[in-house]
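From first to last, the protein sequence lines stand for chains L and H.
1 is the number of the first residue of the first sequence in this note's numbering; add one for each residue after it.
1 is the number of the first residue of the second sequence in this note's numbering; add one for each residue after it.
Don't take every hint at face value.
Each pair may be met inside one copy or between any two copies, as identical chains are not told apart.
[Stated by the list, open to error] Listed below are the simulated DSBU-like cross-link pairs for lysine-lysine, each with C-alpha atoms no more than 30 Å apart in a straight line: (1) 101 x 259; (2) 119 x 15; (3) 57 x 132; (4) 9 x 59.
Note that these hints are calculated values from the structure, not bench results.
Number of protein chains: 2
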Amino acid sequence: MAIQEIPAKSLDAKKFIEEQVKAIRDAVGQNLAVNALSGGVDSSTVTMIGHKALGDKLKTYFINNGLMREGEPERVVSLFNGLGVRVQMVDAREEFFTALKGLQDPEEKREAVTQTFYKRVFGRLVLETGAKHLLQGTILTDVDETVAGIKRQHNVFEQLGINPEEAFGYRILEPLVQLRKDGVRKVAEAVGLPSSVYGRMPFPGPALAARVIGEATPERIALVRKATAITEEMLASAGAFQCMAILHEDRVTGMRQGKRDFGLQIEIRCWDSLDARRAIPTRLEWETLESLSLRILDEVPDVVSVTYNIAPKPPSTMEAV
Amino acid sequence: MAIQEIPAKSLDAKKFIEEQVKAIRDAVGQNLAVNALSGGVDSSTVTMIGHKALGDKLKTYFINNGLMREGEPERVVSLFNGLGVRVQMVDAREEFFTALKGLQDPEEKREAVTQTFYKRVFGRLVLETGAKHLLQGTILTDVDETVAGIKRQHNVFEQLGINPEEAFGYRILEPLVQLRKDGVRKVAEAVGLPSSVYGRMPFPGPALAARVIGEATPERIALVRKATAITEEMLASAGAFQCMAILHEDRVTGMRQGKRDFGLQIEIRCWDSLDARRAIPTRLEWETLESLSLRILDEVPDVVSVTYNIAPKPPSTMEAV
Chain L
1 MAIQEIPAKS LDAKKFIEEQ VKAIRDAVGQ NLAVNALSGG VDSSTVTMIG HKALGDKLKT
61 YFINNGLMRE GEPERVVSLF NGLGVRVQMV DAREEFFTAL KGLQDPEEKR EAVTQTFYKR
121 VFGRLVLETG AKHLLQGTIL TDVDETVAGI KRQHNVFEQL GINPEEAFGY RILEPLVQLR
181 KDGVRKVAEA VGLPSSVYGR MPFPGPALAA RVIGEATPER IALVRKATAI TEEMLASAGA
241 FQCMAILHED RVTGMRQGKR DFGLQIEIRC WDSLDARRAI PTRLEWETLE SLSLRILDEV
301 PDVVSVTYNI APKPPSTMEA V
Chain H
1 MAIQEIPAKS LDAKKFIEEQ VKAIRDAVGQ NLAVNALSGG VDSSTVTMIG HKALGDKLKT
61 YFINNGLMRE GEPERVVSLF NGLGVRVQMV DAREEFFTAL KGLQDPEEKR EAVTQTFYKR
121 VFGRLVLETG AKHLLQGTIL TDVDETVAGI KRQHNVFEQL GINPEEAFGY RILEPLVQLR
181 KDGVRKVAEA VGLPSSVYGR MPFPGPALAA RVIGEATPER IALVRKATAI TEEMLASAGA
241 FQCMAILHED RVTGMRQGKR DFGLQIEIRC WDSLDARRAI PTRLEWETLE SLSLRILDEV
301 PDVVSVTYNI APKPPSTMEA V
């Protein structure tokens with residue numbers, strides 16, 4: 001059966017929330033349900049709707065995969081605690097870095113993050129809780145992109161060759177599957193989330209592993225995490241659709257104490273875009289680019305070179321990995 | 001004996017040329033001398049002074065190492081023919097690419113180009129001519145940088161463990177060794193060279209091999225040659241000290257026909273500098289950066305991403321390799 005899209009402009013967010021709350025209650029009954037919260041707008045909205053529907057019968061987990069931005073795990077958990085939602089933080093950093101060890105290829109890295117999340121860390125948690133339902137923040141664009149072979153988020157268990165109901169005894173509920181991102185943002189606002197969530201920049205599924213070219217070791221993730229924090233802070237007022245720092249694998253010549261030395265390069269991308277389908281590099285002020293570059297050179301160890309992306313999408317993509 | 005520097009401001013270029021012409025004549029006598037012309041300001045100036053001194057008794061070679069810019073070998077030879085200087089072009093492309101095969105490390109690439117030039121291609125030519133003198137465009141900065149361990153151009157034979165006079169029976173003359181670059185430019189103008197030579201942007205010894213990160217194959221050199229031609233053309237009017245295109249080894253995600261694909265990245269550098277010791281990225285117009293990026297994406301095969309360097313020297317260097 002084809003999924004019936006609800007366009008953002010004809011969406012009654014309050015009514016949509018009520019309907020989804022009822023549907024979740026009807027499906028889950030007196031049992032437990034679980035979901036994973038990443039802090040992105042989709043999983044945050046599902047968490048709020050699920051909490052409205054089930055209260056303490058929804059177990060919400062924040063999986064710290066070691067690939068999050070500076071302070072992100074603590075920020076997300078404390079935001080939801082403030083909204084009355086209990087979130088359990090799970091430290092799975094070692095498991096993710098073990099899975100990523102030695103992987104250079106972007107697809108293999110992506111795959112390792114997905115598999116570790118679903119097959120190992122979160123899959124194990126779901127079993128431990130004995131929950132009969134899993135709430136997932138799939139949106140219609142995820143379904144489209146999965147069909148087109150661009151992404152593989154929708155019904156990820158099926159794609160991993162697992163029928164969750166048969167295998168584990170639980171069903172997947174996807175309350176947002178009729179919406180696009182703009183619809184989700186409306187629902188997020190209506191359900192009481194702050195603008196820091198519903199207005200949040202897009203951030204990729206494999207998190208900072210998608211922001212290093214080559215192997216995502218704890219050391220390299222720490223470097224790009226620092227560069228990301230500086231970049232997001234310095235470009236916060238630029239009004240861009242998305243901005244990011246990327247750690248290259250190539251080494252370039254630099255100078256240290258008057259002598260030639262090889263060091264690292266960080267690439268900055270900052271995008272103007274309406275819907276992420278097309279995008280152009282933001283025409284930042286030269287003063288901003290120069291201060292950003294100096295801070296990265298100063299604060300991120302071993303970096304001797306910083307570049308700014310000047311190619312549009314297409315043929316570029318917004319992320320580099 | 002320390003070399004006596006002649007600062008540009010106290011340099012009488014006409015008198016300097018007369019003195020060097022006399023010195024070369026006195027040294028060479030009725031024998032043959034040889035030199036290699038690259039088209040750079042130093043070797044061009046030596047060629048002109050040597051020609052003034054020796055006429056047809058100076059054999060000037062242009063070694064085509066396959067690493068030159070678009071049209072450069074033909075342009076240099078025809079310029080000198082127009083000035084009445086016969087230059088013999090030597091096609092050594094295969095020999096250089098064979099030496100560079102499989103080399104990733106910048107120092108090894110540099111070494112391979114130097115060794116192939118001196119020990120093989122040019123060394124062989126000098127022997128074949130039976131010349132007793134070799135004219136070389138060493139300047140005082142080369143000597144300083146060799147002493148400091150930054151460069152290894154000065155008296156390269158000695159560094160390769162060869163005493164040329166003992167080994168081959170010829171001596172090396174370095175008519176420009178008392179000058180810095182600004183002094184050479186004054187002499188170049190006075191000796192009749194056009195501004196396209198004495199005002200030329202610096203270009204590295206290993207040529208385009210220094211403009212690819214990783215292996216310098218004929219295919220990768222062809223890509224960076226094309227990007228270099230576009231960059232130099234589009235930025236000619238920017239009044240920069242130096243500009244360049246660099247082919248990265250890292251591959252980044254791009255879109256082709258609506259599907260994800262991995263492609264190449266070109267980095268543009270354009271420097272404002274007085275003396276190359278310190279430099280800052282030129283604040284180019286956004287329109288210029290955007291047109292440059294679009295032309296490179298359009299005209300250089302497999303390129304999906306273009307960046308602009310925004311880090312100053314130091315800690316960056318002007319070249320990346």
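Against the structure, the hints:
1. Taking the shortest Cα distances, residue 101 and residue 259 sit within 30 Å of each other only across copies (28 Å), while inside one copy they are farther apart (33 Å).
2. In this assembly of identical chains, the alpha carbons of residue 119 and residue 15 never lie at most 30 Å apart, being 35 Å within a copy and 82 Å across copies at closest.
3. Proximity of residue 57 and residue 132 under a CA criterion of 30 Å is satisfied intra-copy only: 11 Å inside one chain copy versus 94 Å between copies.
4. In this assembly of identical chains, the alpha carbons of residue 9 and residue 59 never lie at most 30 Å apart, being 32 Å within a copy and 79 Å across copies at closest.
Comparing the model with each numbered hint stated earlier shows that hints 2 and 4 do not hold.
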